[in-house]
Structure formats: C-alpha cells, structure tokens
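With chain A's structure known, arrange chains B, C and D on it following the hints.
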Amino acid sequence: MAKGLIKGLGITLKHFFKPKVTVQYPEQRLPLPDRFYGKPEFYYDKCIACNMCVNACPNRVIKLETETVDKKKVVTKYDFDQQYCLFCGLCEEACPKDAIKFSKDFELTRYNRPDIKIEFVQPDQVERKKEEIKKAAAAKAAAEAAKAKEQEEQKPADAGEEGS
Amino acid sequence: MSQKPLSEIVEELRSKYPGVEVSEQGTLTVPPDTLVAFMRDLKENYGFNYLTNVTAADYMEYFETVYDVSIVGEPHMFHIKTKVDRNSPVVPSMVPIWGGAIWQEREVYDLMGITFKDHPDLRRILLDDAWTEHPLRKDYKYEGGRE
Amino acid sequence: MTIKTEEFLLNLGPQHPSTHGVFRIILTLDGETVVKAVPVPGYLHRGIEKLAESRTYTQVIPYTDRLDYLAGMLMNWGYVYAVEKLMNVEVPERAEYIRVIVGELARIASHLVATGAYAADIGGLTGFIYTFRDREDIMDLLEMISGARLTPSYMRIGGVAADIPDGFIEKCRRFIDYLPDAIEEYNGLITGNEIFQARTKNVAVLSAEKAIDMSLSGPVLRASGVNYDLRKARPYSVYDRFEFEVPLGTKGDCFDRYYVRLLEMEQSAKIIRQALDQLPEGPIKGKVPKVIKPPKGEAYAEIESSKGIMGTYVVSDGSTNPYRVHFRRPSFVNLGYLDEMLKGWKIADVIAILGSIDIVLGEVDA
Amino acid sequence: MENLFVNMASGMRSLLASAGLPDAATNFVLMFLKLGAILVYILISALWLVYMERKVSAYMQCRIGPNRVGPLGLLQTTADIGKLISKEFIIPRCADKKLFLLGPILIFMPPLAVFAVAPFGKDMVAIDMNIGVYYFLAVASLSTVIVWMAGWASNNKYSLIGGMRVVAQMVSYEMPLILSIVGVIILTGTLNMSEIIRAQEDVWFIFLQPLGFLIYLIAGVAETNRAPFDLVEGESEIICGPFTEYSGMGFAMFFLAEYANVVLVSVMAVTLFFGGWHAPLGLTFIPSWIWFLLKVYGMIFLFMWFRWTYPRIRVDQLMEFGWKVLVPLSIANIFVTGIGKYLYQTIRW
Numbered sequence: 001m002a003k004g005l006i007k008g009l010g011i012t013l014k015h016f017f018k019p020k021v022t023v024q025y026p027e028q029r030l031p032l033p034d035r036f037y038g039k040p041e042f043y044y045d046k047c048i049a050c051n052m053c054v055n056a057c058p059n060r061v062i063k064l065e066t067e068t069v070d071k072k073k074v075v076t077k078y079d080f081d082q083q084y085c086l087f088c089g090l091c092e093e094a095c096p097k098d099a100i101k102f103s104k105d106f107e108l109t110r111y112n113r114p115d116i117k118i119e120f121v122q123p124d125q126v127e128r129k130k131e132e133i134k135k136a137a138a139a140k141a142a143a144e145a146a147k148a149k150e151q152e153e154q155k156p157a158d159a160g161e162e163g164s
Numbered sequence: 001m002s003q004k005p006l007s008e009i010v011e012e013l014r015s016k017y018p019g020v021e022v023s024e025q026g027t028l029t030v031p032p033d034t035l036v037a038f039m040r041d042l043k044e045n046y047g048f049n050y051l052t053n054v055t056a057a058d059y060m061e062y063f064e065t066v067y068d069v070s071i072v073g074e075p076h077m078f079h080i081k082t083k084v085d086r087n088s089p090v091v092p093s094m095v096p097i098w099g100g101a102i103w104q105e106r107e108v109y110d111l112m113g114i115t116f117k118d119h120p121d122l123r124r125i126l127l128d129d130a131w132t133e134h135p136l137r138k139d140y141k142y143e144g145g146r147e
Numbered sequence: 001m002t003i004k005t006e007e008f009l010l011n012l013g014p015q016h017p018s019t020h021g022v023f024r025i026i027l028t029l030d031g032e033t034v035v036k037a038v039p040v041p042g043y044l045h046r047g048i049e050k051l052a053e054s055r056t057y058t059q060v061i062p063y064t065d066r067l068d069y070l071a072g073m074l075m076n077w078g079y080v081y082a083v084e085k086l087m088n089v090e091v092p093e094r095a096e097y098i099r100v101i102v103g104e105l106a107r108i109a110s111h112l113v114a115t116g117a118y119a120a121d122i123g124g125l126t127g128f129i130y131t132f133r134d135r136e137d138i139m140d141l142l143e144m145i146s147g148a149r150l151t152p153s154y155m156r157i158g159g160v161a162a163d164i165p166d167g168f169i170e171k172c173r174r175f176i177d178y179l180p181d182a183i184e185e186y187n188g189l190i191t192g193n194e195i196f197q198a199r200t201k202n203v204a205v206l207s208a209e210k211a212i213d214m215s216l217s218g219p220v221l222r223a224s225g226v227n228y229d230l231r232k233a234r235p236y237s238v239y240d241r242f243e244f245e246v247p248l249g250t251k252g253d254c255f256d257r258y259y260v261r262l263l264e265m266e267q268s269a270k271i272i273r274q275a276l277d278q279l280p281e282g283p284i285k286g287k288v289p290k291v292i293k294p295p296k297g298e299a300y301a302e303i304e305s306s307k308g309i310m311g312t313y314v315v316s317d318g319s320t321n322p323y324r325v326h327f328r329r330p331s332f333v334n335l336g337y338l339d340e341m342l343k344g345w346k347i348a349d350v351i352a353i354l355g356s357i358d359i360v361l362g363e364v365d366a
Numbered sequence: 001m002e003n004l005f006v007n008m009a010s011g012m013r014s015l016l017a018s019a020g021l022p023d024a025a026t027n028f029v030l031m032f033l034k035l036g037a038i039l040v041y042i043l044i045s046a047l048w049l050v051y052m053e054r055k056v057s058a059y060m061q062c063r064i065g066p067n068r069v070g071p072l073g074l075l076q077t078t079a080d081i082g083k084l085i086s087k088e089f090i091i092p093r094c095a096d097k098k099l100f101l102l103g104p105i106l107i108f109m110p111p112l113a114v115f116a117v118a119p120f121g122k123d124m125v126a127i128d129m130n131i132g133v134y135y136f137l138a139v140a141s142l143s144t145v146i147v148w149m150a151g152w153a154s155n156n157k158y159s160l161i162g163g164m165r166v167v168a169q170m171v172s173y174e175m176p177l178i179l180s181i182v183g184v185i186i187l188t189g190t191l192n193m194s195e196i197i198r199a200q201e202d203v204w205f206i207f208l209q210p211l212g213f214l215i216y217l218i219a220g221v222a223e224t225n226r227a228p229f230d231l232v233e234g235e236s237e238i239i240c241g242p243f244t245e246y247s248g249m250g251f252a253m254f255f256l257a258e259y260a261n262v263v264l265v266s267v268m269a270v271t272l273f274f275g276g277w278h279a280p281l282g283l284t285f286i287p288s289w290i291w292f293l294l295k296v297y298g299m300i301f302l303f304m305w306f307r308w309t310y311p312r313i314r315v316d317q318l319m320e321f322g323w324k325v326l327v328p329l330s331i332a333n334i335f336v337t338g339i340g341k342y343l344y345q346t347i348r349w
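Protein chains in written order, with the numbering used here: chain A, 1 to 164; chain B, 1 to 147; chain C, 1 to 366; chain D, 1 to 349.
This is chain A alone, in the form it adopts within the complex:
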C-alpha cells in the first residue's frame, strides 16, 4: 500500500547525496552558444545606412539618421531602444553587411530607464567619417585634378605632335 510513498523517499534521499546541478552564477557561468541574442553591437564602419534593419524590426526599436556629405550617406545616429527589443534577430538577418550583431552579454539591467537606450554613434565617429569622406573626396578631386592636369599637359604635346 505504501510502496509509492517509500519509493519517493528513496528518490529524494538518493538526490540528497548526489552532486548538485546549481551553477553559482556570478562566479561560474555557463558557456553561451554562438547564436545567442544578447546585447546588440553596432559596427559603425560597416554600416551603409541602407535602412534594412529599421524596416525589418517588428517593434520599431532602431532609429537611424543620416546626413549626406559629398553625395555619400553618413550615419549620424543609430539609436537602439533596447527596452522594446524582442531579441528576435530579424535586424541581424536583414543586414547585408553584418553591421548589427548580437553579443553574448546578457546582463542588460540598468538602474535608470534612460540608460536602456543605446546610442551607438559617437559624435567624433561621425566627424571622423565626414573627415574621411571629405579627405577621400579631396584626394579624389586632387587625383582627378592631377590627372586632368597631366592630361592637359599631355594634350598640348599630343596636339603639338599631331600638328607637326
């Protein structure tokens, strides 16, 4: 009659002496798989400002703003409002350049609500990018100018040759 009762006692007693499964969290950590969706990471230099991630997001988490410098798009703002994020990974999937990725950092709690929003783009980054573009444009312009000059220099010679 009481067979089940005694068997139950046996099972709990057996586990009393068995090794435990607890992971002592802050000191010990379980390995996370590569696909884990933790804190998002944004690679500024890879981003081509195509807006794919913004459109892929089901919950309008990402805010992307651009500025056009010399006909090239510069990302001036990439805000990730993490409190609305579903961690579905659709933005990562949509991105053609792997500019947004999810890291393995899962400790996302913050003491203050404004801190939840991640503003990825730093002003100096934008400045640098703008500088780079300008420099590149200038270099290109210079190169073109030099080329044009060369051509011009060659031209009269050619013309002279032709004329002779």
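Not one of these hints is a red herring.
With a cut-off of at most 27 Å between alpha-carbon atoms, the simulated DSS-like pairs for lysine-lysine come out as follows:
{"id": "1", "chain 1": "C", "residue 1": "Lys296", "chain 2": "B", "residue 2": "Lys83"}
{"id": "2", "chain 1": "A", "residue 1": "Lys97", "chain 2": "A", "residue 2": "Lys129"}
{"id": "3", "chain 1": "C", "residue 1": "Lys50", "chain 2": "B", "residue 2": "Lys141"}
{"id": "4", "chain 1": "C", "residue 1": "Lys270", "chain 2": "C", "residue 2": "Lys232"}
{"id": "5", "chain 1": "B", "residue 1": "Lys43", "chain 2": "C", "residue 2": "Lys251"}
{"id": "6", "chain 1": "B", "residue 1": "Lys138", "chain 2": "C", "residue 2": "Lys293"}
{"id": "7", "chain 1": "A", "residue 1": "Lys134", "chain 2": "A", "residue 2": "Lys46"}
It is worth saying that the hints were derived from the structure and are not from the lab. All figures in this text were calculated on a predicted structure; none of them were measured in a lab.
Showing chains B, C and D alone in chain A's frame:
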C-alpha cells in the same frame, strides 16, 4: 465509420442548400439564415462533431464569421464562412450545436462586436467589462502607444 | 437545531500561486465546496492579433513566440505553416525535419513544465524542481539552435532561420537517451505516490462525448480516450514518416490528463530519434521572395501543439501586411468547460483540475 | 561534559546560597535562568531549523541552498529575520486589530510553556512534573486557538479558510496523537517524562510500540501542519492560510513558531519512543544531552524528508484518514498493548 469523400459531401450539401457557394479552395459560404440548419445537418448527418475554430474578419462593408469544423480522428475538414451585415451584426450562435463555441464566440463578440443570438453567456471575455469598442474592427483607432 | 449557513465568494487570482499566471476564477463556495465558478481571463491580453495587422508577415513571427511561451517553437510553426499554405510555398525536407526536431523538443519542454507544475500544484515542490532541471537541457538545445531559450522566433516562412549548429545532434541524442531515466524518476516521485493518486484519480472525470462537444484538444481530449492527434489524423509536415503512438487515457480524470503527458514525452523522444536518423541534407529555406507578399486570399492551418490544436487563420489582401490573423489557441478553448468541471469539487481540487488542463496565460489571453 | 549543565546549575545554586539568598529566592532565580536558557535554545533552534530546512530541501532538489550570507550561508536566517524586522507591519483596514496583533505575540506561548517539562538530558529537566505528558498534550493544543484567532482577525477569506482548516485538522489529529501515547503510558504506568525515559533503559518503546510510533509520527506531522498535512498553509491553494495578511515580524513569529512546534513534537517522540537521553548500544562516552539532541534532529530530518517528498492531501481525505484509519488503529493499539501487558504480568509474576 467510413466517410464519404469530401467532394461528394459538398455536392450533396450544395443540392440541399441552394444558397451555399463553394470556392476553389473548398471554402463554403453559407447565408446566415440557413446557417443553423446547415451546421446541424453537418453535425448530425455527416458526423462533423468537432468545431475547431470560430473567428471573424472585418471587410469594412461587411463582417465574415468563419467556422472550421472537422471530424474527430479523421482528416475531413470544412472551412465555412458567413457574411454578416456590418450595421446590425447578428449571427446565430453555434453553442447549441457544438458547446466548444462558447468561449470562442465570446471572444469574437468581445473583439469584433458580432452578437451571437441564443448564446447562453455572451459577455466580454478578454477586455474590461466597461470597454465600449471592439478593437479588431478595422475602423478602430487606438490612442496612446509610445512616442 | 438548524445551523444557518451561507455561501461566500472567493476571488481566486488574478495573483495566485497556482493559476499559472494571471488568471482569475470567482468561486462561490459552500464551506470548501465549489457551488459556482466563473473564470475570468484577459489579464494578459496584449492584442497580438491586432498588432499583427500592422506588421509584415515575417515580423509577426516573434509575436507568436509570446503566445504559448513554453513551446514557442510550436507557435512559430503554426503561424508559418498557415502562411506557407496561403502562399503555396514548398518547404525543403531538411527544414521540415529540423522543424520536427525542435518542435518535439519544445513539446517535451512544455510537458515537463506541465508535469512539474502539476506536482507543485498538488503540493510536492521537489517534482517541480526535478522537471525544471531536465527542461534546462532542452532550453540549452533550443538556445544553441535559435539563440534564445523561450522566445526562439526560429522558423521562417518557407523554412527555418539557420541550420543545425555543430554539436547539436550529439547533445540532442544524449538528452533523448537520458529522458527515460528522468521519466522513471518522475514516475517514482510523483506518479506512483499514493497521496498524489488519491488527489487526482477520479477527480473531474471528463467523458469523451463532452470533451469532443466542448472542442477540447490535446492531452485533455486524449485523456478521455479520444484518439485525435493531428500528427496522426491529418499528418502535416513529415509526421507521416515517423512511427509513434498516440497515448490515450481511459477514464478522463485528472490523473489521466497528467499521465498522458508523461507518455507523450516518450513518444516525442521516439519521433526525435527517428528524425535525427533520417535527417536529410539540403537547403533549409524554400524559394521565398525577400519581400513576402502572398496573393489575395485566406488560409486556415492547424498543427498539434503541446496544449492541443493550434490553428492559424490568415487573410491576405495582397499587401505586405496580413489583413487579419487569428490564432486558435488550445489553452483558451480548453478552458471553456472549466466552470462546469469545477462544480462540486473542493478548493484543493480547483487547483488540481486547473493544473491538469495545463494552460499558459500568454496563450489564453493572446 | 556529561554533567556540564547540571554542574553549572548546582554551581550557580551554591554561589547564590553563599551570597546569602534565602532558599526560595535561590530557587526562583535558578528556575528563571533555566527557563531563560530554554527560551534561548528554542529561538536559536528555530533559526537553525529554518536554515536546515532550506539546506535539506535544496540538497534533495539537486540544489545547494543558501550559501552566500556567512560561512556556508549560516547567517542567512539571521539576515532574513533582520529584513523581516525592518519591514512594515501592515494591519489590514478591516481587521480586528487587537486580535490581529495578539496572534503573533501569543503563538510562541504554547511551545515555550511545554518545553519546561522536556527532559533534555540526564537530570536536565526544568520542571520535573509528574503529569508531564498530560501537560504537554493540554498546552500544545492551545496553539489551535491562537492560529484560528489570527485567521479570523485577518478578515481575509483565505485566512478564514485556513483558520477553519486548523481547527478541523487539530481536533481530528489530537485524538490519534493522544491515543497513541496511551500505549506508552500503559507500559510505564506514569505520566512523568523522566520516569518514562528511565523505563526505556533496556529497550526503547519504538520496539514495543511500533504501531503506536507510526500513529504518533503521522499525527505529529499533522499537528505541526507540515507536508503532507500542510493544508493549513497549503500555498498552492490558500496562499498562506491564516498567516496570509501578516507581514514583517508578525509573519516571522508564526514562521519560527512552526519550527518550535516541530522541535516540540520531535522532543516528545524521542522522549516517548526513542529512549530520551539514553545512549544506544552502550555508547555512553557521548553525553546524554548530546544524544538527546542528536535524536531530536534526526526526527526533524525525518519531518523535513517527508515534506520535500510528498504532495499535499485533500481536506476530506485528511478527515477520513484521521477518523476512519488512525483513531481505530490507535484504539486497537491500546487494546493490544493492554492485553500484552496483562499476559506479560500474569506469565512473569
């Protein structure tokens, strides 16, 4: 029990109920006034004893209630629709035929605002009792939200 | 002498340890006996069906995770299956097999929670911890393949998001081999316990006719002896290629409803084993355009989720957003008969009966 | 070691006597000290038991349990009590204030009062009462009233149901509890606890009264409201029973009193069935009071083991089991014991 093939049942039903329209995918559209007789016939004479799903959709000019009925243990299934007048959205309740409609019809009533005649307990189910609108209607506009 | 007695109202929930979330039952009690019960759902209503109307077809997938959050994979599947039916998309074989594997894993996880939570409802907390210990392995597996434990959003229209990662199959096999030992342990600790049996046997007996009439599905229906499992009755995906049985109860009492789940876990393990053996090579995503724009029309598709029949009704108006999405949530429909089931039982039985139906409030309230 | 506490008491007595106190005053002071020592023991024991329960439950559930506060988490309960003290004590608006406040104050009375007659070791009993067992049964059953009072005064339906369950359960299980002890009393012919222990010098009564012990064990678990008989505070049904509305220190008092009751029932079990402070197998080099405590904590481990293995029984099954199984069995036990003793006496003498 051995079931007749679905196409035969459809033919039979079509001859019995002239108002029934059959689409290419096999969806039956039944006029609301013959709905109860049609459903009762389905259950009692064709053995469709299991009502899976009751829902509704809003097409701005009219509502459509949707019923999915099947037979326990068999692959047969019917997708049945009824057009409901949007100004006076009343359809007969399926609860006397299949008890399982009780909560699903309450949900439709709650979110779509279609009244089910002869439903034993037609109250709001998901939303607050004091709510006055029906959010799944297409003309429902909610206020608030973020930013 | 006659003693004047009075019935009183007891508000069970919405915050109560054993309503598995925010569910409320207004009980009219005569002493400890239930005279009348009025279930009140809706405390977790987020309006997923309405939200879906302003999302694209792919964007709805993460929301389906939040229906039955104990088996998010199966909810994903139910939705993408309906959209695929609407678009007539062919899903590659490998994707189907992966779906079966993760779906059955999710089913085991969900049943483990049901088993453990039921033990806790009856009062034995240790069983709860044991089942959660073993569920952790499944969570690890799902995390490995989808990147998230509870809300995978792993399935895509036409296939799955990513292929099976390295080490997944071995880990999965190890878990499947371990599962029978775990079930043996639950049987010893929970099922075989005389007190547990006294609490659950012959409690709230549900006849097969009534269960069919009330559109109950899943283990609740099968516990009453009704053989209705969509994986067998109307095989979808590749379920017709696997050999498995549909465990049935005999009486339809709380014990049967509990025990059918335990037996189903064994069958699910059997399916996973076969799927791992047969797993073909090939693509994991069918030919689906980048922007999903199904033709005008509608589709209703059903799958067998861990709680019962999960149906999805999708109406398309030809645009990128679904015109109307409706989810037939098994937990919600299964609760329809709760008020009648509770009548005449004690307060303690209310918990036992509610637990045996195994609801998830995310699914009930959508 | 053996006479550590006895010597302390006699040393104290001679000290007081040499200080020129009259005999009556010396006795009074000594009694006061003894009861104070018992109070301290109970409180420390309750704290320790909360920790032990958490550790035992954790180990049975493949967990580690508290291990952060202090070495091995030993200070966890202290920290918890500190937290509970600093919390607000909320009195519900419609509660019966006086009774509501009186509940947690009174709940410690019955166990404290009973411990006065508990023999912790050889010659270590605060008051050697010749109706000790009777006193234990009478005073221990008082806690029913207090818990019921707390449940009623809370003006909460869960509390009320819990309170009703307390009364029903206690009354039903007091019967088999008392009747199971009667067997022991028939064997010894005394109600004095020290006498009962002395009678077990050769053979413990668990061997003479196995059925009596089993009934005592079951009824004792029910008396302390622990699983599988924890209907009173079955948290999956009625939240916390009569204690639902209590917060802060009020809750802590009920919580600790539960453990005091567990100690009490275990002390009685050891006294009546496990030979009290007698050392088993002649291992007398360990002091008697250590043996006693070892046996008591062994019993408590058994209680905890039950709790973390078994689910909860239903209220009607509880009543049925009490009245239809335990009471007839215990009466049969008395009957068999009586016949056995009569036969034993007629054959021997």
